[in-house]
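A.B. asks: Each chain is listed here by its residues.
Number of protein chains: 2
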Amino acid sequence: MTLQKILIAGTWRDSNSTRSFRADNPATKEALADEYPISSWEDCDAALESAATAAIAMRSLTGDQIASFLEAYADRIEQRKHDLVEMAHAETALPKAPRLGDVELPRTTSQLRQAAAAARDGSWANVTIDTKAGIRSCLEAIGPVCVFGPNNFPFAFGSISGGDFAAAIAAGNPVIAKANSSHPGTTRIFAEEAHAAAQSTGMPPGIVQLIYRTSHEDGERLVADPRNGAVGYTGSRHAGLKLKAAADAVGKPIYLELSSINPIVILSGVLEERGDALAAEFASSCLMGTGQFCTNPGLVILVKGERTDSFVNSVAEKFSTAPVGTLLSRGVEKSLGENLAALQKAGAENLTPNTSASGIGYCHANTLLRVTGSSFLKDPKAFQAEAFGNASLLVIADDIEQVGAIADSLEGNLTGCIYSETTGKDDAAYDQIAPRLRVRVGRLLNDKMPTGVAVSSAMNHGGPFPATGHPGFTAVGIPASLVRFAMLQCYDNVRPHRLPANLRDKNPTGRTWRMIDGAWSQGDVGA
Amino acid sequence: MTLQKILIAGTWRDSNSTRSFRADNPATKEALADEYPISSWEDCDAALESAATAAIAMRSLTGDQIASFLEAYADRIEQRKHDLVEMAHAETALPKAPRLGDVELPRTTSQLRQAAAAARDGSWANVTIDTKAGIRSCLEAIGPVCVFGPNNFPFAFGSISGGDFAAAIAAGNPVIAKANSSHPGTTRIFAEEAHAAAQSTGMPPGIVQLIYRTSHEDGERLVADPRNGAVGYTGSRHAGLKLKAAADAVGKPIYLELSSINPIVILSGVLEERGDALAAEFASSCLMGTGQFCTNPGLVILVKGERTDSFVNSVAEKFSTAPVGTLLSRGVEKSLGENLAALQKAGAENLTPNTSASGIGYCHANTLLRVTGSSFLKDPKAFQAEAFGNASLLVIADDIEQVGAIADSLEGNLTGCIYSETTGKDDAAYDQIAPRLRVRVGRLLNDKMPTGVAVSSAMNHGGPFPATGHPGFTAVGIPASLVRFAMLQCYDNVRPHRLPANLRDKNPTGRTWRMIDGAWSQGDVGA
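So the sequence lines, in the order shown, correspond to chains Z and W. Under my numbering, the first residue of the first sequence is numbered 8, with each subsequent residue one higher. Under my numbering, the first residue of the second sequence is numbered 8, with each subsequent residue one higher.
It is possible that part of the hints are untrue.
One copy or two, either will do: identical chains are not told apart, so a pair holds if it fits within one copy or between any two.
Stated by the list, open to error - Here are the simulated lysine-lysine pairs, DSBU-like style, with alpha carbons at most 35 Å apart: (1) K139 - K103; (2) K12 - K311; (3) K249 - K432; (4) K388 - K88; (5) K388 - K249; (6) K139 - K325; (7) K36 - K432; (8) K385 - K249; (9) K311 - K385; (10) K139 - K249; (11) K432 - K139; (12) K432 - K352; (13) K139 - K36.
Just so you know, the hints here were simulated from the structure itself, not pulled from any lab data.
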């Protein structure tokens, strides 16, 4: 069997590999036909070399030129929709429709087009001009960005198609994509289209490169290499922290999205007001996509009582009767089983013990666990182990004070949500809990499940460690996600004709927002 | 002898210490009278506990309230000027005038007042409102900030008075200050005034705390503690990287300012145009403050030739005849001597071998070294070892291509400067070198020594590793320096009356800049 080729320096070529791998079809557990190389360091080195050259060339490109590439690529993705959806379905078992074809693919092309608009507009660069001091600064490209995509969104967070890719390119950087090993074929199709779009829009050859897999050692060497500028990683905590240590040691910015259990607090009043509807809303959100969302609600905190019992029973019933979805991979199935076992060993009770997983693919029964607030507080760390998949842990607190203590014991998370009654009955409890939950999460929600992550300028898909590696940045939302892949570049007394276009007196687009002497303006300096 | 007290939880109290230290007077090499405790972990723990409480209280303060504290503190510093200048002079040997009293102290109070203005104005928080999606976000306080100040600016970068302190407080965080061991008395006076200002303006007790010194182990434990929010560190690379490793391992943002040799490229045309004036300008900048500036020009790159020889001779002459200043400490004297010896061992030639240091204090002869470009390129790392103090290394390149190769070999620096002829003779050379130097430095200068660091909104006192730990942030310049000590907090579907004031429809100050639906505005939402 011939190995698939890697994309290096603008050419599809044989990998310098010693080993290979195949992806599984999670719905059948059978290996798919295509075989992919595990790259040696030589491949990484070649990618870095080409990316370094591309990074220099890209500094001369205008925002318009970069935008043209991203838009051409988005168009090509739409033309290639059938192949992408078929391949991603085979590799991930995610439904072709609506999920892959009607939701994730449009989201992906929309992100690319929003990133293009941001590159064209230029306001993301946070231009700051101090005319009196003669100093001007802005954010500029940081250099080659290595992107490691996750298993759960083969399009929207894909290494060569997702949010990190779009942000890195829009900020002016080449991308070295490391495919997720569970969907190499999907990533390859994206790379084909990105490469074609790059050629048709005159981008440098190394702007988009693809390797499928490396040893852990080479991955760490890759991110720490002097030619690399920054890293975007979404995936497991264990692997992410290894890469972080390697990047941190040499001061390379690395942006991680790791585990998150996305706590939800449901206050007493709202249970009285609409407990049944809430049970349905929660079960649906938690089981959506077989629970394999970064923002899946894995921890629900309630105060004990009759209505809480009803809520719990209702959710347990729904979990028991809902169809069991297919999990993304053997690894997800294995870790879900292990983590649920560990939660039970720590003292959580399984409320759905009789449900059994159906189907021949990777799966695990929909699982709802319960623990008392007191037990939780005895070992908060154990009960915060993420069980990625179609499962959730309910924590039944004695009273609102205990809910507060539980909030204080939480690790950093992407999201935190509080449901409260609409006419104010829960407001005192809300005021007690919200400030404590607030500082533990990147996005605080009211009355809304966290699973949806809008590509909004105000979105924060980020949060305190260990949800991410730095609480100041978001991985979703444009233009904010671009700034991760940029460095601050200041020009002090630099002669006017030598300044980058966006720092000159004349506004280069006529609409770029610039901070001029303390005021935001779309005009020229001195106008 | 009684030990000086530490400031914990709003009270001057005895340290739980086992050891103590005294600072030297660098001008006499004699130990000063006051004895300071080396804190045990118990002191750190108490500071963290009080800071955590203060952080919660500070989240309820308005920008106005925080500004009042900073302004009251700035006023008190001015009233205490005599004591501060006398103490700092005794501890650092920096001149009382103009340096300490007329330059650094006014800069310090100006920074505090600019930070106050930023807190009051609120625009620093980068408010972003997406009315359609119902999502609003802004930067908010990150929690207690540990500040480790350097030895070279006892006021303007002091742990409890300098840029990191001002930024951390203005962003709404309490500060745990670790005094620099070479000027504990200066730091103590600042703490007295900060404490009094905090009391008079109703701040929580733990807003400002002071310990003088800890073991390295406790320092690492302090920055990694769950109660800590972030770290600001300015100092040696070795100690900084230890703290960075400890903070990185638990995802605590740490902002470092480490070594920098601040390369200057002097092109041929400008030597012809004004070589003599430039020699005087360079020697003066390099020896100012006995060369103990973060942005001291420690590396000068020139192309060989007659005019270069004249320039070199002129600078060597000035170095040999200029008075020799006092160094900040025994440690600075020792490391300067060692680093210069290492540079010479690597192959640099000493052009000032006969100058001898005068005086009875810590000092080292003004030293100018020279190496060829070819030698430099054989071991660029060795020749980039920072010799902090009154010394510089000239690199004489064969041609402009070699200057480019040298630029490519540089580590990250705070600044980089290119001097060029005024009518365009050097423009081709400039265009060849500038893009390569640009990506290695945070601030690019033309025709200007880097030693001055204006507190400008457009300033970047930062740069690629190892100058700092992240190239996206600046330690100087307001409001940009504040964002380091903040986390991104997003509100999704949160009920309007529960939003922070700056995210509500009404602009809370009538002048806070907010990004509303893609446009910067000082108005209300919907206005």
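A.B. asks: Hints first: check each against the structure and report whether it holds.
C.D. replies: The hints, checked one at a time:
Only between protomers do K139 and K103 lie at most 35 Å apart by alpha-carbon distance; the minimum there is 29 Å, versus 58 Å within a single protomer. Taking the shortest alpha-carbon separations for K12 and K311, neither the intra-copy value of 58 Å nor the inter-copy value of 49 Å comes in at or below 35 Å. Taking the shortest alpha-carbon separations for K249 and K432, neither the intra-copy value of 47 Å nor the inter-copy value of 51 Å comes in at or below 35 Å. Taking the shortest Cα distances, K388 and K88 never come within 35 Å of each other, neither inside one copy (43 Å) nor across copies (50 Å).
For the identical chains of this complex, K388 and K249 are neighbours both inside a copy (20 Å) and across copies (27 Å), given an alpha-carbon limit of 35 Å. Within a single copy, K139 and K325 get their C-alpha atoms only as close as 66 Å, which misses the 35 Å cut-off; across copies the closest is 33 Å, which meets it. Taking the shortest Cα distances, K36 and K432 never come within 35 Å of each other, neither inside one copy (51 Å) nor across copies (69 Å). In this assembly of identical chains, the alpha carbons of K385 and K249 lie at most 35 Å apart whether taken from the same copy (29 Å) or from different copies (33 Å).
Proximity of K311 to K385 under the C-alpha cut-off of 35 Å is restricted to the intra-copy arrangement: shortest distance 18 Å within a copy versus 72 Å between copies. Neither within a single protomer nor between protomers do K139 and K249 lie at most 35 Å apart by alpha-carbon distance, with minima of 46 Å and 39 Å respectively. In this assembly of identical chains, K432 and K139 lie within 35 Å of each other by CA distance solely across copies; the values are 28 Å between and 55 Å within a copy. For the identical chains of this complex, K432 and K352 are neighbours neither inside a copy (37 Å) nor across copies (77 Å), given an alpha-carbon limit of 35 Å.
Taking the shortest alpha-carbon separations for K139 and K36, neither the intra-copy value of 67 Å nor the inter-copy value of 43 Å comes in at or below 35 Å.
In summary, the numbered hints that this structure violates are 2, 3, 4, 7, 10, 12, 13.
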